[in-house]
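Asker: Spelled out from the first residue to the last, the chains are:
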Amino acid sequence: MMYKYATGNCIEEIQTYFYTEYKGMPFLDAWKDSRKKILNSHTIPKSFSQESFHLLENDSSILSVNDILDILLSNDKYVNTKDIIKTLYLSMETKKDQHIIILLKNLLKRFEITKRVHDVYGKNYKPKDIELYKNLELYICLAEIFEKAYSIFNDLPYLNALLKIIDSISSVFASLNNEEKSRLCFLVENEYHHVNQLANSIGVIL
Amino acid sequence: MNMNNVLFIAANTARSQAYAQAMAKAEIYFENVLFFEIPTKNGLGKSNNIPKSKNVLENLLVPDLSIPLSHTIEKICNHIIMIQTDNINDDQIYKKVQNINPRLIIYSGYGGQILKSDLLNLKIPILHIHSGWLPEFRGSTTIYYSILKMKKCGVTAFLMSKDIDMGIIVGRKYYPAPPPDFDIDYLYDNAIRANFLIEVLKTWNKNNAFKSTLSQQSTTAQLPYYVMHPVLKHIAILSLPELKKHNK
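Going down the list, the sequences are from chains A and B. First residue of the first sequence? That's 6 in our numbering, and the numbers climb one at a time after it. First residue of the second sequence? That's 110 in our numbering, and the numbers climb one at a time after it.
Bound conformation, chain A alone:
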């Protein structure tokens, strides 16, 4: 059986996941095989550190969560998605306040509705330019946010979105640079860990 949800280019031709068919254990085996292919096709350099990537790169201009929420409520103001993600990633380390949840909830909603990550967002999380959604690093960044959110909050919507965004990124694996491939491999490993733990907790052996 083939795992079809990470084939084609899922960023251009999005998956809706409506009424997906039940195929039993062979489906889960196909999913595992599809993810193993990703892991087997890239060697993570020994020097690569997951925590050293994009977030803290010589950047002193990190916005606060409240700054971002204000921008996303204002007319004619915009915020780069990477700035939202940096702020969220760092804020989630230290606190779990309601503003962080609101920001997370809206990013999750935006991804679930469009299955795309746009470069810049404005009022009510509307993309500034709907054609700007091809920056693959942003998909990796958002996947890291979903992974971290699930690790901290244990809410299924984050794991659900993580599975979908990894499908999308895997479908364009060949277009990723080496650093992005390494980050995807970390995500795939963590995704399996979370799914396996959930399955085990309800008596399903993957």
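Incorrect hints may have been included.
Taking lysine-lysine and the DSS-like style, the derived pairs with C-alpha atoms no more than 27 Å apart in a straight line are [to be verified]:
| hint | chain 1 | residue 1 | chain 2 | residue 2 |
| --- | --- | --- | --- | --- |
| 1 | A | LYS153 | B | LYS225 |
| 2 | B | LYS225 | A | LYS131 |
| 3 | B | LYS260 | A | LYS37 |
| 4 | B | LYS225 | A | LYS133 |
| 5 | B | LYS225 | A | LYS114 |
| 6 | B | LYS315 | A | LYS110 |
| 7 | A | LYS133 | B | LYS261 |
| 8 | A | LYS128 | A | LYS114 |
| 9 | A | LYS28 | B | LYS225 |
| 10 | B | LYS261 | A | LYS110 |
| 11 | A | LYS114 | B | LYS271 |
Worth flagging that the hints you see were computed from the coordinates, not collected in a lab.
Got chain A; can you put chain B on it based on the hints?
Answerer: Showing chain B alone in chain A's frame:
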């Protein structure tokens, strides 16, 4: 039981088939049913490969999806209003509803559509049956999330508002998880919704009001659920008791 001045709005879906068959069995009759579809087009929620009915759900009518909706509707109403659209927000529907001005609408539309304000602004209560325990299980495919988290499924009757699954709750009930190998999307989900709809309608008709104390749902309580990824859906189904045995 005659549902005076109550309008059943039915898209051509498995859910509407389940509702209509349950109404027919319970001998619930309407003056008008508004049936909307584009005959050549399959709307979301209409099954192409009809799952076979397995009449094994205790005390629940399992819908027979091989019976066309139109045949069942003929049994439960005097007048079928046919509208060729697959959009609940179509102006033809709005005008018909405005003209009939029912006391209550029973809603069974196509999946993925959100009611726009026009219909809501008519201030007619629009009853929707959601297969999830609200407000905890808000959103899509909540039946599977509920199996994953609770090993049982809730159904909520509520009056629709502009926000998804946020209206006033008029009743809730838990059902046991489906048996193994039983189609969930088209049979089990629709069977439990139809069963609870009949209970709610009987109560409403008897008391001329909804029975339960009405509670406004909190807008910030919970993250909504989105369409479940097939990996999680498989794990939910495989966790059902009998399948778990086979899995080992």
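Asker: All hints are to be evaluated individually against the structure, with a verdict given for each.
Answerer: Evaluation of the provided hints:
At roughly 36 Å between alpha-carbon atoms, LYS153 of chain A and LYS225 of chain B are farther apart than 27 Å, so this suggested pair is violated. With a CA separation close to 19 Å, the supplied pair LYS225 of chain B and LYS131 of chain A stays within the 27 Å bound. With a C-alpha separation of about 25 Å, the suggested pairing of LYS260 of chain B with LYS37 of chain A holds against the 27 Å cut-off. At most 27 Å may separate the alpha-carbon atoms for a hinted pair to count; LYS225 of chain B and LYS133 of chain A meet this at roughly 25 Å.
Only pairs whose Cα atoms come within 27 Å are accepted, and LYS225 of chain B paired with LYS114 of chain A is accepted, the gap being roughly 19 Å. At most 27 Å may separate the alpha-carbon atoms for a hinted pair to count; LYS315 of chain B and LYS110 of chain A exceed this at roughly 42 Å. Pair hint LYS133 of chain A plus LYS261 of chain B does not hold up; C-alpha atoms about 43 Å apart against a cutoff of 27 Å. Between the alpha carbons of LYS128 of chain A and LYS114 of chain A the distance comes to roughly 15 Å, so the proposed pair stays at or under 27 Å and holds.
As the CA atoms of LYS28 of chain A and LYS225 of chain B are separated by approximately 37 Å, the hinted pair breaks the 27 Å bound. Straight-line distance between C-alpha atoms of LYS261 of chain B and LYS110 of chain A comes to about 26 Å, which keeps the hinted pair within the 27 Å bound. Note on LYS114 of chain A and LYS271 of chain B: the hinted pairing holds, with a Cα-Cα distance of about 17 Å set against a maximum of 27 Å.
In the structure shown, a violation is registered for the earlier hints numbered 1, 6, 7, 9, in ascending order.
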